[in-house]
Every structure is written in structure tokens, then in C-alpha cells.
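Undergrad: Sequence:
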Amino acid sequence: MKTIIGKNLKMFREATNFTAQQFADLLSIERSTYANYEAGIREMPFELLEKTADFLGCDLSALLSENASKADLMLCAFRMDNLTSEDAEQISKFKKFVKSYLKMQKLLQDEQIKHSTSRKVSSKTSC
4 MKTIIGKNLK MFREATNFTA QQFADLLSIE RSTYANYEAG IREMPFELLE KTADFLGCDL
64 SALLSENASK ADLMLCAFRM DNLTSEDAEQ ISKFKKFVKS YLKMQKLLQD EQIKHSTSRK
124 VSSKTSC
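Residue numbers for the sequence shown follow the numbering used here, beginning at 4 and rising by one.
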């Protein structure tokens, strides 16, 4: 699993044009520690995986997937040169908010479909 996560970390980081140092700074860890995660030498703690997924704007499952592709990554619209760690933190918070909103929208849609289906079934049985 460490190797899969490492491969995905590197692929997604490179897709966003960030350096390993920038990701390490975002995660508040040493660059060498981050490099060990990417290389699959060390297992990245769950909290850091969540923080990374939030920053990238992807689901945690994309980092864990054997078949992850760049299409799994909601590419960062905020890619800029000279991005500060404070900027990166704000972007991460924003993306986390958007992901939560989209999940809530999906749940509401599912609930509406479920409710509408149950009304149709109950109206057919009452006939």
C-alpha cells in the first residue's frame, strides 16, 4: 500500500506543478520525510493523507487507488508561482469546504430520489 500511495502522491503533486518541498511545507514536515512517503519507504499517517487529499481537492480514495489517474484529481485552479504556505492552507480549507458541499448535494439528491421512488411505490399499492 505504501508504494501505491507514494506513486499517487508523486503523480498528483507533479500534476499540480508543486515541488516536494512545497508539499512538505504544506504538511508541516521535512522534505526528506515527504520524499520517503513518495518513494514508498515510509507509510504516510492517515491525518497527513487527509490533509493532502483536501489540498489536492480529491477524495482520499484517489490517493489509495491502484488505478488512480490524473483524471481522479480535481486539478488545482489556484496554481501559482510563489505560493506561500498560508495561501496553500487557505486553498486546502476552501477545497475541503467544496468537497463537503458536493457530498451534501449528492446525499440530498439520493434522498430525493429515494423519497420520490417510495411515493410511487406506495401510490401503486394503494390502487
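The hints are simulated quantities; they were obtained by calculation from the structure and are not laboratory data. From a predicted model like this one, the values you see are computed outputs, not experimental measurements. Backbone N, C-alpha and C fix where the C-beta goes; we use that ideal spot for every residue, glycine too. Among the hints, a few may not be true.
[To be verified] Cβ-Cβ distance ranges computed for the label pairs, FRET-style: (1) Ala42 to Leu111: 39 to 45 Å; (2) Gln115 to Glu92: 32 to 38 Å; (3) Glu17 to Lys117: 37 to 43 Å; (4) Thr36 to Ser121: 49 to 55 Å; (5) Glu33 to Ser121: 16 to 22 Å; (6) Lys109 to Thr36: 31 to 37 Å; (7) Ser121 to Ala42: 50 to 56 Å; (8) Met107 to Ser31: 26 to 32 Å; (9) Glu46 to Thr87: 41 to 47 Å; (10) Ser103 to Ile32: 20 to 26 Å; (11) Glu114 to Gln93: 28 to 34 Å.
[Said to hold, decoys possible] 20 Å max Cα-Cα, derived SDA-like pairs, lysine to any residue: (12) Lys5 to Asp90; (13) Lys54 to Thr36; (14) Lys117 to Val101.
Undergrad: Hint says 31 to 37 Å; check whether the CB-CB distance for Lys109 and Thr36 agrees.
TA: Given range 31 to 37 Å: holds, Cβ gap about 35 Å.
Undergrad: Straight-line Cα separation of Lys54 and Thr36 no greater than 20 Å?
TA: Within the cut-off at roughly 15 Å; holds.
Undergrad: Is it true that the C-beta distance of Glu46 to Thr87 lies inside 41 to 47 Å, as the hint says?
TA: 29 Å, violated
Undergrad: Would the hint linking Lys117 and Val101 be met if the CA-CA limit is 20 Å?
TA: Since the Cα atoms of Lys117 and Val101 sit roughly 24 Å apart, the hinted pair is violated (cutoff 20 Å).
Undergrad: Between the beta carbons of Ala42 and Leu111, is the distance compatible with 39 to 45 Å?
TA: For Ala42 and Leu111 the Cβ distance comes to about 42 Å; the hint holds.
Undergrad: Quick one: are Ser103 and Ile32 within 20 to 26 Å, going by C-beta?
TA: 25 Å, holds
Undergrad: Mind checking the hinted window 37 to 43 Å against the Cβ distance between Glu17 and Lys117?
TA: Holds - the Cβ-Cβ distance for Glu17 and Lys117, about 41 Å, lies within 37 to 43 Å.
Undergrad: Using the Cβ atoms, figure out if Glu33 sits within 16 to 22 Å of Ser121.
TA: 54 Å, violated
Undergrad: For Ser121 and Ala42, compare the CB-CB distance with the range 50 to 56 Å and indicate the outcome.
TA: Given a distance of about 51 Å, which is inside 50 to 56 Å, the answer is holds.
Undergrad: Quick check on a hinted range of 26 to 32 Å for Met107 and Ser31, using CB atoms only.
TA: 29 Å, holds
Undergrad: Is 28 to 34 Å a correct range for the gap between the Cβ atoms of Glu114 and Gln93?
TA: At roughly 32 Å between Cβ atoms, Gln93 and Glu114 fall inside 28 to 34 Å, so the hint holds.
Undergrad: Does the Cβ distance between Gln115 and Glu92 fall inside 32 to 38 Å?
TA: 35 Å, holds
Hints 5, 9, 12 and 14, counting from the list given before, are not met by this structure.
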